[in-house]
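Trainee: For the sequence shown, our numbering gives the first residue as 203, with consecutive numbering after it.
Keep in mind that the hints were calculated from the coordinates and are not lab data.
Quantities reported herein were computed from a predicted structural model and do not represent experimental measurements.
Accuracy of the hints is not assured; some may be wrong.
Unchecked claim - Simulated restraints on C-beta separations: (1) 402 with 216: 13 to 23 Å; (2) 318 with 211: 20 to 30 Å; (3) 264 with 403: 45 to 55 Å; (4) 208 with 328: 39 to 49 Å; (5) 272 with 313: 38 to 48 Å; (6) 403 with 206: 43 to 53 Å; (7) 318 with 278: 27 to 37 Å; (8) 216 with 340: 16 to 26 Å; (9) 301 with 225: 23 to 33 Å; (10) 220 with 272: 28 to 38 Å; (11) 272 with 247: 19 to 29 Å; (12) 398 with 352: 17 to 27 Å; (13) 264 with 301: 40 to 50 Å; (14) 238 with 310: 31 to 41 Å.
Note that CB positions come from ideal geometry on N, CA and C, so glycine has one too.
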Amino acid sequence: GTASLGVSSFSIDGTDPADFAVVGSNCPGTARAPGQSCTVDVAFKPQTNGARSATLSINDNVPGFVPSQEVALAGTGVAPTPTDHYTAISPSRILDTRSNNTPLGPGETRAVTVAGMGGLPSSGVSAVVMNVTATQPTAGSYLTLFPTGQSQPTASNLNFGPGETVPNLVVVKLGPDGKVDLYNAQGAVQVVLDDVGYYGS
């Protein structure tokens, strides 16, 4: 169409709504002109094993539609193996690029030492659970975390607009050296990493 689109809110319903959650979006509050876009981050948190599904309703100002748009959500819950036990720890800061003003630049990938940091064991850790926060971004962008030494995945962990501060809970495997790679797509952005738990190997 030719009119601007305004998104007011989101809701999740359907068969298994408790297994999905909207964890971030830069859509509400700003009208989008034709050709523009915004992002919605949905986390899959299965309560049980097997196929899970729900519907994301996007409420906007398009006349004649209630809800205006719907997106099908689907995932498969898999129980962890006994060796992948989860251990919660007191939240501890691993990285804050603001402390020495070293934001991630456009297209930059930075290795971050995780094992042995912030209350984490130096060995026996297969993956960590971290609260990742992007702040003071100069452009709309996204962050991707992945094990050091492996190929960068195409999916993002965190999406944000210019000037926004956006957190997200992320589970990421560690590389053989106990590090994770942190990639920023566009502009410059300060990043804060706080660990809250880990999975044993």
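Trainee: Work down the list of hints and note, for each, if the structure agrees.
Mentor: Hint check results:
no. : hint                     : result
1   : 402 with 216: 13 to 23 Å : violated, 34 Å
2   : 318 with 211: 20 to 30 Å : violated, 43 Å
3   : 264 with 403: 45 to 55 Å : holds, 49 Å
4   : 208 with 328: 39 to 49 Å : holds, 44 Å
5   : 272 with 313: 38 to 48 Å : holds, 40 Å
6   : 403 with 206: 43 to 53 Å : holds, 50 Å
7   : 318 with 278: 27 to 37 Å : holds, 33 Å
8   : 216 with 340: 16 to 26 Å : violated, 38 Å
9   : 301 with 225: 23 to 33 Å : holds, 26 Å
10  : 220 with 272: 28 to 38 Å : violated, 18 Å
11  : 272 with 247: 19 to 29 Å : holds, 20 Å
12  : 398 with 352: 17 to 27 Å : holds, 23 Å
13  : 264 with 301: 40 to 50 Å : holds, 45 Å
14  : 238 with 310: 31 to 41 Å : violated, 26 Å
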